[in-house]
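Participant: Starting from the given sequences, assemble the full structure and let the hints guide the process.
Those protein sequences? They're chains L and B, same order as listed. Going by my numbering, 638 is the number at position 638 of the first sequence; the sequence numbering is gapless. Going by my numbering, 840 is the number at position 108 of the second sequence; the sequence numbering is gapless.
Derived by calculation from the structure, the hints in this document are not laboratory data. The C-beta atom is built at its ideal place from N, Cα and C for all residues, glycine as well. Do not take every clue at face value.
What the hints assert, rightly or not - Residues on chain B that point at chain L, a partial pick, calculated with CB under 7 Å:
hint, residue
1, Gly771
2, Cys772
3, Trp794
4, Ile807
5, Gly826
6, Pro828
7, Cys830
8, Gly831
9, Tyr848
10, Thr852
11, Arg866
12, Cys867
13, Tyr870
Said to hold, decoys possible - No farther apart than 25 Å at their CA atoms in a straight line, the calculated lysine-lysine pairs in the PhoX-like style are these:
hint, chain 1, residue 1, chain 2, residue 2
14, L, Lys258, L, Lys314
15, L, Lys208, B, Lys850
16, L, Lys200, B, Lys886
17, L, Lys571, L, Lys536
18, L, Lys192, B, Lys820
19, L, Lys200, B, Lys820
Said to hold, decoys possible - Residues of chain B clear of chain L, computed beta-carbon distances all greater than 10 Å:
hint, residue
20, Thr737
21, Asn739
22, Gly742
23, Thr743
24, Ser746
25, Asn798
26, Thr806
27, Leu810
28, Lys849
29, Pro851
30, Ser861
31, Gln878
32, Met879
33, Glu883
34, Thr884
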Amino acid sequence: MKKTAIDRRHFIKISALGSGSLVLGLVLPGFGRDAGNMPCDHFQPNAFIRIDKTGQVTIFVARQEMGQGVNTSLPMIVAEELEVDFQTVRQEIAPFGSLPEGAHDTGGSQSVTGSYAELRKAGAVAKTMLIAAAAKKWGVDPNLCKAENGVVTHVTTGNSISYGDLVCDAAELPVPTEVTLKNVKDFKIVGKGQRKKNLKDIITGQAKYGMDLKVPGMLYAVVERSPVLGGTVENIDAEEVLAVPGVVRVVSYNGTGKPMHARAGVAVLATNIWAAIKGRRLLRIKWNEGEKNKDSTAELFRTFADLAKKPPQKTVHTAGDVDAVSAGKANTLNAEYAAPFLAHAMMEPLNFIAEVKNDQCELWGGLQLPHWTVDTISKECGIPKNNIRVNLALMGGAFGRRLMCDFALETVKIAQQVDKPVKVIWDRTDDIRFDNYRPANYHRLEAKWDAKGILQSWEHHVLSTPISWMTDGPGTDTAENLGGAEKDFWYAVPNVKTAYTPVDFNLHRGWLRGVEPVQNVFAVECFIDEVAQKLKKDPLQYRLGLLEGRESFKAYWDKIVEPQRLAGVLKLAAEKIGWDQPRKKNHFMGIAGHMFFCDSYAAHAIEIERLGPKKFRLVRIIAAIDCGLVINPDGLMNQMEGGTVFGLGQALKNEITVENSRVVQDGFFNYELARFSDVPDIEIHTVKSDAPPGGVGEVGVATVSPALCNALAAAGNRPRTLPIKNEGFTWE
Amino acid sequence: MAIFTLNINGTQHSVDAEPDMPLLWVLRDLLNLTGTKFGCGVASCGACTVLADGQAVRSCVWQVQNAEGSQITTIEGLSPDGSHPVQKAWEAIGVPQCGYCQAGQMMTLAGLLNQYKKPTETQISNAMSAVLCRCGTYHRIRQAVQMAVEETNK
Chain L
1 MKKTAIDRRH FIKISALGSG SLVLGLVLPG FGRDAGNMPC DHFQPNAFIR IDKTGQVTIF
61 VARQEMGQGV NTSLPMIVAE ELEVDFQTVR QEIAPFGSLP EGAHDTGGSQ SVTGSYAELR
121 KAGAVAKTML IAAAAKKWGV DPNLCKAENG VVTHVTTGNS ISYGDLVCDA AELPVPTEVT
181 LKNVKDFKIV GKGQRKKNLK DIITGQAKYG MDLKVPGMLY AVVERSPVLG GTVENIDAEE
241 VLAVPGVVRV VSYNGTGKPM HARAGVAVLA TNIWAAIKGR RLLRIKWNEG EKNKDSTAEL
301 FRTFADLAKK PPQKTVHTAG DVDAVSAGKA NTLNAEYAAP FLAHAMMEPL NFIAEVKNDQ
361 CELWGGLQLP HWTVDTISKE CGIPKNNIRV NLALMGGAFG RRLMCDFALE TVKIAQQVDK
421 PVKVIWDRTD DIRFDNYRPA NYHRLEAKWD AKGILQSWEH HVLSTPISWM TDGPGTDTAE
481 NLGGAEKDFW YAVPNVKTAY TPVDFNLHRG WLRGVEPVQN VFAVECFIDE VAQKLKKDPL
541 QYRLGLLEGR ESFKAYWDKI VEPQRLAGVL KLAAEKIGWD QPRKKNHFMG IAGHMFFCDS
601 YAAHAIEIER LGPKKFRLVR IIAAIDCGLV INPDGLMNQM EGGTVFGLGQ ALKNEITVEN
661 SRVVQDGFFN YELARFSDVP DIEIHTVKSD APPGGVGEVG VATVSPALCN ALAAAGNRPR
721 TLPIKNEGFT WE
Chain B
733 MAIFTLNING TQHSVDAEPD MPLLWVLRDL LNLTGTKFGC GVASCGACTV LADGQAVRSC
793 VWQVQNAEGS QITTIEGLSP DGSHPVQKAW EAIGVPQCGY CQAGQMMTLA GLLNQYKKPT
853 ETQISNAMSA VLCRCGTYHR IRQAVQMAVE ETNK
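Facilitator: This is how it looks when you write it as structure tokens:
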């Protein structure tokens, strides 16, 4: 299969490799020994840790904080091995350039899984050097010294010395390549809930996001972008715009092709944002929309439905031979499911600052893949890679939107035309209309069983508007089947065939929290429920029966699917919601589970009260997770609570529609998100596990929609289209 | 442009701005009070909520020319040290994820508590449902609201 560096799967593999041991070998100027004759004032054995003479420990976080809590979980891992009081540890964003390519990449729920070993080692290296420095000072055997709470103690004499008093001695020592890590059983910080390191800053309004950054002399810009992807500017009338006090200039730039698909735009630059916003309203632009300006989602879903019944373009996974299974109509079930394009809609709208002077460029803003951004800007704008400086910023949400860097790219294209730094701010309309959208998708499934009711075959035909056709070009050989529609299909069925058909559509697509599994798990976990219902089996017991005794198996890449861990989260969710208890009148429950490709398993169980044929009340939502070793239980709760709400919004409301290749929605009035009043009691339960830590940023999303649809099916009406409001469902 | 005198967090500020410039941008760009956030610009998300004479208002649609004469409170001025009952509850429960919307959430509740010392479930739901959080912290917001209400009525 053709893959490029921009393919997410490839990106995930690169990330896992990029965070290897070479990082620790990297010593930048100022690390370890102090350069030249500079007086010693701190100890920095690697890119992650700095300890100054007062004993203040600063941990540099390479992965980007966007609400998912890496600014807390990653320092916890370092502090654990370093043996310091976590409460006194400061965290800072690791400067771009202080670590090798890929180290800052933040996506795919990879931050903990990709950094765990490396950060433990970083902490252990520093601790080992501090112990060695103390032992040398005292002339004793370092093996008779221990470190605890930022102090080294000689066990024999009881002598002790604080880390702060050791920094200059430690900085003189060679950095060891091999160190002993703690026994996980002795962990004191990891596994104990910690509040976010920037909690106080947030609640006092002091946290600085990209949106809050200012660069001296900068101009503010807002941009009118081509309404159709691929469109170009035909002519501009900016006369009235330039008359607005504060407006400085109007500049246009060309769009770019794959992978970023930045739209062509016309930017209004002003000394303050309000002038730019007012100026933009007066802008008159004639666009050349190009040929692909007629696409609509209504037509797209008709195409999906038509193609779903035809042979798929690509077979993805087969087991046994589904064609050899014969069953009468009574023993066959098929169903089709649909879900729309979705926008990311993080609360901090996109924004970015760039300054370009000759062939030098400096950037400020939040980016999930900053190295990809630098590569892209270098290629598209002709600026040498080494001349691009990046200042990374805290993000007010990202959810995958800031993996793509179209917004940074356009900012540089604008900044190239003026002699001042430029800050581009997207308004909410821009944000909703010019996203890279979670693909629209469609599924046809068929199951057959024998006379005894034993499931014999499972076929799943996935259709979607692939992301890879935007990143790599139309026609790319691809399948977006992760999440139960690949080799990872977790139920024991002797004959399985999964397949994929791509459909072209002129709208940029990208990765939204949970990515493909959210699309595919919805279909898999609804359909297994339909089969159970048809066979008059309890949906939980039916699932468990198909998982029972199934051994772990290798799916794609190096991923092992462990059906017993999936059974574990299903059982836990069921137990906590009281699946086997007598149910109140008109109360119904639904359940769904899955494996997420970051070695985590989650299930949701949802209880509803039926208020009418298509009217219900959400009573409560239970989530169960098995993510192996938990780094920060409080962060895990946050991710699962947040993932649940993210999934609930998709089940109930979120939808992007397109007419004439234009997104219809233009704000929160018509791109509806989950609100406070939509959310019932949520409980999160964790399976205790000694498995290595898995990723938790995305695993909480996928099973909400199927669990809710399964509950509604139990109550009498099964929705097969998301959001369910489109099937006439209402809730209170 | 014109000079406007604003009372913000108990201090008088003079700003030179277009009369129709929303208070949001005056706060953020002219006065460097960036705790008040831009989320939509059309009063649909609540991220920009501040207090005007104790009541929650959307600063993104409140023109500076109409803000003179009001006692304006932003998140930076809700308390000197994060000790307002709402902030204390937010800290104790650990509400924020990305945190971007949380000033708006807290100011909305602070305004509600100024209006009703013991708000009803419906009043709470109506007020808090007007403020969006994409990270999905609503479950913790509900817990923190209860705690703040209890603290306020001690």
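Participant: Now look at each hint and say whether the structure bears it out.
Facilitator: Do the hints match the structure? See the list:
1. Gly771: Holds, about 5 Å.
2. Cys772: holds, 4 Å
3. Trp794: Not OK, violated: tryptophan 794 of chain B not within 7 Å of chain L, min 13 Å.
4. Ile807: Since chain L brings a Cβ to about 3 Å from isoleucine 807 of chain B, closer than 7 Å, the hint holds.
5. Gly826: holds, 5 Å
6. Pro828: With a minimum Cβ separation of about 5 Å from chain L (threshold 7 Å), the hint on proline 828 of chain B holds.
7. Cys830: Since chain L brings a Cβ to about 3 Å from cysteine 830 of chain B, closer than 7 Å, the hint holds.
8. Gly831: Holds: closest Cβ of chain L sits about 3 Å from glycine 831 of chain B, inside 7 Å.
9. Tyr848: violated, 17 Å
10. Thr852: Since the shortest Cβ distance to chain L is 14 Å, the answer is violated.
11. Arg866: Holds: closest Cβ of chain L sits about 5 Å from arginine 866 of chain B, inside 7 Å.
12. Cys867: With a closest approach of 5 Å, the cysteine 867 of chain B hint holds.
13. Tyr870: holds, 4 Å
14. L:Lys258 with L:Lys314: OK: lysine 258 of chain L and lysine 314 of chain L at ~23 Å, within 25 Å.
15. L:Lys208 with B:Lys850: Violated, at about 33 Å.
16. L:Lys200 with B:Lys886: Holds, at roughly 24 Å.
17. L:Lys571 with L:Lys536: holds, 20 Å
18. L:Lys192 with B:Lys820: With a Cα-Cα distance of about 22 Å, the restraint between lysine 192 of chain L and lysine 820 of chain B holds, given a limit of 25 Å.
19. L:Lys200 with B:Lys820: holds, 10 Å
20. Thr737: Threonine 737 of chain B clear of chain L: closest Cβ-Cβ about 19 Å, beyond 10 Å.
21. Asn739: Given a closest Cβ separation of 18 Å, the condition holds.
22. Gly742: holds, 15 Å
23. Thr743: holds, 15 Å
24. Ser746: Fine: 16 Å to the nearest Cβ keeps serine 746 of chain B off the interface.
25. Asn798: Since the minimum Cβ distance to chain L is about 15 Å, asparagine 798 of chain B lies beyond 10 Å and the statement holds.
26. Thr806: violated, 7 Å
27. Leu810: violated, 8 Å
28. Lys849: At about 20 Å from chain L, lysine 849 of chain B clears the 10 Å cut-off, so the statement holds.
29. Pro851: holds, 13 Å
30. Ser861: violated, 4 Å
31. Gln878: Fine: 13 Å to the nearest Cβ keeps glutamine 878 of chain B off the interface.
32. Met879: holds, 13 Å
33. Glu883: The claim stands: glutamate 883 of chain B keeps its Cβ more than 10 Å from every Cβ of chain L (closest is about 14 Å).
34. Thr884: holds, 16 Å
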